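Residue 139 in numbering that gives the first Met the number 0 sits at position 140 of the sequence shown, and the numbers go up by one each step.
Worth flagging that the hints you see were computed from the coordinates, not collected in a lab. Please read these numbers as outputs of a predicted model, since none were measured by experiment. Each hint should be verified, as a subset may be incorrect.
To be verified - No more than 25 Å apart at the CA atoms, straight line, and that leaves these computed lysine to any residue pairs for SDA-like:
1. Lys108 with Ala125
2. Lys108 with Tyr57
3. Lys119 with Glu135
4. Lys108 with Ala62
5. Lys108 with Leu64
6. Lys108 with Ile51
7. Lys119 with His105
8. Lys108 with Leu91
9. Lys108 with Phe123
10. Lys137 with Arg127
11. Lys119 with Asn106
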Amino acid sequence: MNPMLAIAVRAARAAGNVITRNMDRIDRLTIEVKAKNDFVSQVDREAEDKIIAELRQYYPDHAILAEESGHSQHNSDYQWIIDPLDGTTNFLHGFPQFSVSIGLLHNNKLDVAVVFDPVKNEMFTAARGEGAQLNERKIRVTPQ
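Model the full assembly from the supplied sequences, consistent with the hints where possible.
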């Protein structure tokens with residue numbers, strides 16, 4: 000597996016653990032309203048912190064654009080794009096349709112992408128030139 004993809008997978012799983020650990024305590028979470036129908040919870044922030052810590056451990060000089068904390072000031076050809084809890088509203092309503100999303104741009108081209116559904120334990124991955132996988136099994140579109 001592509002080394003940067005492997006780190007993104009590790010980071011997504013760490014964030015997924017934060018999310019699933021908090022699923023049964025939704026009523027006790029701190030929730031803020033960013034805009035109409037746009038919420039952020041402490042779970043979003045904790046999951047984002049886990050992802051950033053994992054990425055910084057291996058790639059301290061890469062830039063990061065994260066939904067909750069914004070843009071890091073690193074000047075780099077590499078930029079990680081993070082949505083730690085894509086589907087916060089679903090999560091907060093107890094509807095198990097949400098994911099962790101992580102992408103890596105290299106010179107403004109997407110090189111690596113991960114979408115992890117921690118409820119179904121489905122890890123979708125893709126790397127430039129290597130195709131896409133679901134739980135380490137190749138996937139592809141069907142011909143029309």
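Each hint, compared with the structure:
no.: 1; hint: Lys108 with Ala125; result: holds, 13 Å
no.: 2; hint: Lys108 with Tyr57; result: holds, 20 Å
no.: 3; hint: Lys119 with Glu135; result: holds, 15 Å
no.: 4; hint: Lys108 with Ala62; result: holds, 14 Å
no.: 5; hint: Lys108 with Leu64; result: holds, 15 Å
no.: 6; hint: Lys108 with Ile51; result: holds, 20 Å
no.: 7; hint: Lys119 with His105; result: violated, 30 Å
no.: 8; hint: Lys108 with Leu91; result: violated, 33 Å
no.: 9; hint: Lys108 with Phe123; result: holds, 19 Å
no.: 10; hint: Lys137 with Arg127; result: holds, 14 Å
no.: 11; hint: Lys119 with Asn106; result: violated, 33 Å
Of the numbered hints given earlier, the model fails hints 7, 8, 11; all others are met.
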